[in-house]
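So the chains spell out like this:
Protein chains: 2
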Amino acid sequence: MNFIINPKTLKEGAFFYREKEAYSGVHKIADKVLKDIESVFGVRPGSAEDYAELASSAVIYGTIGRSPVLERLSEQGLVDLNEIRGKNEVYAFQVIDAAGEQTGKRLVIAGSDKRGTIYGLFHLSELLGVSPYVDWNGIKPRKQEEFRLDADYKHVSKEPSVRYRGFFINDEWPAFGTWCHQRFGGFNAQAYDHVFELLLRLKGNYLWPAMWSARFHDDGPGLANSELADEYGVVMGASHHEPCLRQGEEYKYLRGKDSIYGDAWNFRTNEEGITRFWADGLKRSGKFENVITVGMRGEADTAIMGKEATFADNINLLRDVLRTQNRLIREHVSPDLEQVPRMLALYKEVEPFFYGDEQTPGLIGSEDLENVILMLCDDNFGNLRTLPTEEMRSHKGGYGMYYHFDYHGGPISYEWVNSTYLPKVWEQMSMAYDFGVRDLWIVNVGDIGTQEFPLAYFLDLAYDFDRWGTGAINQTDEYTRLWVERQFGAACEAQDVANIHRLINGYTKIAHNRKPEAMNADVYHPVHYREADRLLAEIGQLMDLANELYARFDEETLPGFFSLVYYPAMGNLNVHRMQLLTGKNHYAARLNRMEANWLAEQIQACMKRDRELVEEYHAIDNGRWYGMGLSEHIGFTRWNEDECKYPVLMHAMPAGKPRLSVSIDGTGQHSEGSGWHVNQLRMNFRQPDVTAASFTIYSISDLEAPYEIICETPWLTCSAYQGVLNGTSKAADTITVRIDRSLMGQETEAGIAVKLPSGVCTIIVDAKLPELHGWPANTYVDVDGYIAIEAEHYFAKQDAMHTEAGAAQPSAGFQAIQGYGRTLSAMKVFPTNRYFTAGEDAPYLEYRFVVHEAGGYEVELYMQPSNPVTADNTLYYGIQANDGQLQIWNTVSRGKKITDSNAEWAAGVLDNIRRHSSIVDCRSGLNTLKIFAVSPGFVLEKLIISPAGKKPPVSYLGPPETYYIGENNQ
Amino acid sequence: MNFIINPKTLKEGAFFYREKEAYSGVHKIADKVLKDIESVFGVRPGSAEDYAELASSAVIYGTIGRSPVLERLSEQGLVDLNEIRGKNEVYAFQVIDAAGEQTGKRLVIAGSDKRGTIYGLFHLSELLGVSPYVDWNGIKPRKQEEFRLDADYKHVSKEPSVRYRGFFINDEWPAFGTWCHQRFGGFNAQAYDHVFELLLRLKGNYLWPAMWSARFHDDGPGLANSELADEYGVVMGASHHEPCLRQGEEYKYLRGKDSIYGDAWNFRTNEEGITRFWADGLKRSGKFENVITVGMRGEADTAIMGKEATFADNINLLRDVLRTQNRLIREHVSPDLEQVPRMLALYKEVEPFFYGDEQTPGLIGSEDLENVILMLCDDNFGNLRTLPTEEMRSHKGGYGMYYHFDYHGGPISYEWVNSTYLPKVWEQMSMAYDFGVRDLWIVNVGDIGTQEFPLAYFLDLAYDFDRWGTGAINQTDEYTRLWVERQFGAACEAQDVANIHRLINGYTKIAHNRKPEAMNADVYHPVHYREADRLLAEIGQLMDLANELYARFDEETLPGFFSLVYYPAMGNLNVHRMQLLTGKNHYAARLNRMEANWLAEQIQACMKRDRELVEEYHAIDNGRWYGMGLSEHIGFTRWNEDECKYPVLMHAMPAGKPRLSVSIDGTGQHSEGSGWHVNQLRMNFRQPDVTAASFTIYSISDLEAPYEIICETPWLTCSAYQGVLNGTSKAADTITVRIDRSLMGQETEAGIAVKLPSGVCTIIVDAKLPELHGWPANTYVDVDGYIAIEAEHYFAKQDAMHTEAGAAQPSAGFQAIQGYGRTLSAMKVFPTNRYFTAGEDAPYLEYRFVVHEAGGYEVELYMQPSNPVTADNTLYYGIQANDGQLQIWNTVSRGKKITDSNAEWAAGVLDNIRRHSSIVDCRSGLNTLKIFAVSPGFVLEKLIISPAGKKPPVSYLGPPETYYIGENNQ
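Going down the list, the sequences are from chains W and P.
Counting in this note's numbering, the first sequence runs from 6 upward without gaps.
Counting in this note's numbering, the second sequence runs from 6 upward without gaps.
Just chain W, with the same shape it has in the complex (with noise of 0.2 angstroms):
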């Protein structure tokens, strides 16, 4: 007999089994689940502390050491309790036959902890088909007739990767702010049990509150925050620089002449006020759970002591500090201070103060941090920055990573909507565990709001490291399908769901190319290599799709799929559409094209929509979500929101005669046919695989203006060969030219003539086919006048080897990580934190090109903008070419600190790229070239290889893959 649960059971009895003896946010979380039941079956199961009232199919859940069924059942030998005891966060689920007087079946829910039995409960609601938004979300389950356990079902679950997971909402002005005003009257208790729902339903535990102007231990009101925290076993922390439970906004309010905290966020001039503030804190708050905030910073995120004060002033300070917080954490939270959990984050100027220089001991080793979880930190932007050596990595306390989906900050923030890449997420992530980092992972979310599809991977990751981690290498596409599968199989087709699917990777990969806020008309080329057309192509499709699926959602599913995925995809593609619209309407109207006024109207159409989006999103099940988009996001000219400037429209004025341009698309090149001036454009058929290439002919006034296409090359042909444009109904016509080898016979060039208002212009197309010899796949061969390689594409691979049993074996080598990277995919080193020597141990990728002319070319590497991950900033990488010089290069200023002033830095965030070249010789004819692993972080993207001073057209992803010889020599 099964486990079974439908409505019949459920009205027999009672489903839960509720103890007294359990702890109260445990019933509170059960009481959720039964809600979650309700809303699968469509009957309100109930609970009772009677054994005797239950029904035939009942749940009995609880914790080790608060239940005394879970006692009596081990006793009895129906669950064995031993496989949870002592550990963290684990519970067991088990199905059991009812026992005693009861017929039927039991579904044991037996925690470790308590936050093993809440998880234990949610995990019900997980395997009823029960999403972790359906309260934040609104996401509606499936309805089930039946739901059925094996008779003897059972699961015990691991213990959680990383000890503390969570979440940081920060920056909560204006969106979090208004959404909890405007919902639930402040920063209080209902509308963090919210939060705190989320929080677990996504198997998180640690949370960091709301901070800018909200005190969390007295806005619940009192402490009922606090309380409600502690009742779900929400571990609290505080961001890093609110040491001792207290927050900064509380200093701000406590503070004044004749306070007994005096008047000085200074712990050398008001010592007994701030050792006091932080004693009452602790008094106040010791007695929940938490990770309690050690060392001091300035006020609101700013350094400590003023630019007089010297190295060592600043670490003696930081000496004293912790020597006092240690102290009274003693007195008022637990004299066993080895068991308090305690932090400090080495964030911004606590870094160096840590590391110390030559002349200065830092913080490193002091006996004052024993057990102190270092918490380190990405440099906001999604990078990982200095990473625990081998040697620090014994540090008992262990590590803490604060990570980024949001962030208020230089160069430019970005706190609207999720704009984080999953692969990114674990690149980095997964780097950071196998460096050591294991005892606490939090994220900064901003304001939740449409980043809780990245949050869910992060805490999974956290969560299930083994399932997700560095041995699942290209497994975040299968993450996404299971998460969309999750949240909107009930509601929709597989077809849609793939389709959602798509849209999410699609639009996050485009945020990941460059955020929403870092956006403007200038980023990505107008022209070259029809770089925003392509783009604008591929975000037109996906928004196509976007509004297929809205229209597949009914009143009741719409607001999830809106607020989880239409709403910040939407909102992506819209702000990149809108500029990249913006860089071709001013390219079009600096050359007086009349295209430009059709793309104005574009734009603006696009800004109507941006603020569409937002209002809709603000309304939608009745403002759900009110205020969480508020935050501003277009056009940003400084690094937050301040002066942020709206896209310029250009309008071009008619020439007062009739006019025509044409251009050669994916080029600079244009020109009206005058006899004075160019005449001649040059069109490229020498790629062998490419069979068409196209032109497009332009209004220069809004006069009726015929053109003439004459083409008597028998091996050329075009789409047309005559039109008339106007400039207003029609602006521009664009004529492809298709190529047919078999008629060429020896030709290899030949001209179209077109007829313009002002004279003829010549396209010259060249379509001489490269010679092959022969090479073999994977050979590139310029016909462009330089190379650009897709790292994946590589010739041959070396991996490092050593030897195990008698026999080498690979112990370190190149792999590609799918989808990453701004193109096609991207190289890296695993194990992650190896180092090693080029030429001897480094594994290698190996390319092969042919170029025309023997001589220097300059060989520009594309790459992950990742930081050194030790102090000394470097990041090493080899290459030799052909049997050259093997050089070695720091792809990195030394000497440069992750600064907002870093130009290298913060350029390297903003296009998530970082290049670096070098010079090489190279042959007339087939050359190879070896690109080696150094150090650790180095992920390769893309190689541009051109003549030394003859870099291809600039643009923002660089040149597109060129033409190289496939798997049948062609």
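One or more hints might be untrue.
One copy or two, it doesn't matter: identical chains are merged, so the pair holds either way.
Derived lysine-lysine pairs resembling BS3-like cross-links, with alpha carbons at most 30 angstroms apart [as the list claims (entries may be wrong)]:
(1) 613 - 735
(2) 401 - 163
(3) 650 - 760
(4) 650 - 662
(5) 613 - 662
(6) 40 - 25
(7) 257 - 662
These aren't lab readings, by the way, just hints derived from the structure by calculation.
Here the structure is a predicted model, which is why all the values come from computation and not from measurement.
Dock chain P against chain W, hints included.
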């Protein structure tokens, strides 16, 4: 008894005695004068071949050698023909008693030659107040009741200062060509009748006809053009590349495979054909009065030989050509070659062939050039280039100058409307005369239309150099006054005449600073020094003035005013206005200012106005000038009009929340008051003579947004203290700040707080006055971080001295040319052809200025962009600060030729300025600076002194003059 003309006398009998012996052309001119008289008195006067039919006041006109009556009067002792006999183009104009049987008075107009008589006849029209534009522009004379000449009135004209004086109709399509064809059916004698009349009435005698699709000697039809010219005494020339009385188009028309002239414009491969072509031209047209172009260039204004030809090849070719041509002229025109006026143009590539180089002797001094006028040329933009050295001036043929009021060529053509400024023509052409260029002056007037005013000046200068030339410095204003009075005195009041004068001065000065075709949005700075706003204000006043004047004229008199003044003035001003507004529009849009959208509307209005102006010019007076306005004139991007671009209109989209921004007018400083970014601006009140400054608040959105100004400083007042902008009807408020220094006490700095929606911006007012230490007048004191000096405001000047009769007399020295240069005036040394040695005999200007810190200062001179007058490409000046080293600088890059690819030259002619900087050492406190004249052509306009490396903000005209101590020591 006076010589009286009134309706009664005119009806008494014939007014003109028409001798049959007279030149037919003289009679034709006399008929035009009769029409003039009719237009003055309302009565058509008659003429009679019978002496007896003359009225009591009648005119006897004739030419020595063609007038029995004059011989008779001479014999009678009534007139003294010896006063004019043998002279060139001279007339006597004398009232005598009617002799013999007649009573009354006779006005005798006796010409030394045909043109002398014609000028004499037109002198009568002139005395009667008839405009020289009576025919060309339909200017109506003032009606008169009676005209009297004293009984003993006598005037004998001077010989013209320059032998051949004329203009060149060039680049005749689309304007002049359309006009000719529309009104007369071709470039025929009907059309040229008007052109000749204009030339002669303006006292010219020489013409280069249209030549791009026209063949003057064929278009008459047949020889009618040539014959009419000869009748009128108009000496025909042809442009620099059209030798032997043949036009370039003729060869194009006659050449061919079977042509007797061959099919190659090549004296080496087709010597026979070319020689025959020339011979036939001389046979056909040699009988008329000509200046025969000799030499040879390529077809259509290009070089004669290909790139492979050596320098010597070219020179040898020219020698052969000249020898052949001289032979042909001897054979077909006159064996007395010395008597045949011939001209060789030293234009473009011909110039180096003339001078030769160290290896290869040039044509200079060649016997083939004996008695040939050597025609020099400006740089196409009104700046003379290489001039005859003292040694060269002895060349018997003399020199000519080809000058431009209109040009089709690089860097940017100017062919639309008049953009010539008289002081420049005076400065340049008087220097030409001083350097011995006195035999031929020809000016390119393009299509003639709108060039009438500077053309009159050019011809008057050539006709009467004594009156208007070098000796008459600063008389262009008087010339303009007289010209306006003569054309419009009849049609309007004295005040209007003065206003027309002001309008002409105003618009030509603006066009002198930048020609409309070369004007674009980036020329003037949109905000620095309020440069754009100040010019816009000036343009606004001039346009208002023009429109007031327009309303003064009636239907009959308007066309003359419209064509001569209103249309070129408004055309120029409107294009300038449009481009200035565009600069402001772009600046505003880039800052998201809503003002941009209002500016965009204004730009469109200007574009509309531009079209309306051309349409009115084409329609007025029954299409009298139809076609003359067809030249493109907006947004040239190339040397010709191809691919020209209209202003790009930029629109700002309103921000999503109320935002305002504040700017300090005249500077690039702006702020929204954000606490994170720029929120302090600086306002300068350090100039003792400045009592007011302003700032402006701009809307960034279309939402209502309030501002508040808090100024608690008693010595500062603001014109408003609060306001609300809405971005549409009210998008900007300018606040004037006034200072009352009497209330300042010890204070020198104050803050004005401007409360904006995004924060508070503080304007720091710096009102610290400099200490003046009793420095004398014209001492400049740095209060802006730099010093700007108008050259005229020197502290002292030193002339070169020579000893005359034992006493030192000034022999050369700087004089101010009023109104010349881009701002106030210009300083130039007279005589204009002297060389000096700085520190010895060189005249100099001494400036005094005070800076606060000792150190290196950059002294940037703004100079008229003169070209060197000698072939060695040097134009030196000297500079010395205090007792420092005297530095000698060449203002032009040696070795750079005047070609479009010489960016230095190109910038100079477009900007109408050349800048040259040097570094001098200054003391803290008072400094002196001497600027020494060295080479001819040095014309100083302005000096900017700034600490080395710290230039003042960029602008087109440069910083306006800074503070200096005035006469009253303030």
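To see whether the hints hold, each was checked on the structure:
1. For a Cα distance limit of 30 angstroms, the shortest separation of residue 613 from residue 735 qualifies both inside one copy, at 25 angstroms, and across copies, at 23 angstroms.
2. With identical chains, the CA atoms of residue 401 and residue 163 are at most 30 angstroms apart within one copy only, with a shortest distance of 23 angstroms there and 112 angstroms across copies.
3. For a Cα distance limit of 30 angstroms, the shortest separation of residue 650 from residue 760 across copies, 20 angstroms, qualifies, whereas the shortest one inside one copy, 42 angstroms, does not.
4. Only between protomers do residue 650 and residue 662 lie at most 30 angstroms apart by alpha-carbon distance; the minimum there is 12 angstroms, versus 35 angstroms within a single protomer.
5. Taking the closest pair of Cα atoms, residue 613 and residue 662 come within 30 angstroms of each other only across two copies (14 angstroms); inside a single copy the shortest separation is 35 angstroms, beyond that limit.
6. Within a single copy, residue 40 and residue 25 get their C-alpha atoms as close as 20 angstroms, which meets the 30 angstroms cut-off; across copies the closest is 126 angstroms, which misses it.
7. For a Cα distance limit of 30 angstroms, the shortest separation of residue 257 from residue 662 across copies, 29 angstroms, qualifies, whereas the shortest one inside one copy, 68 angstroms, does not.
Checked against the numbered hints given earlier, the structure satisfies every one of them.
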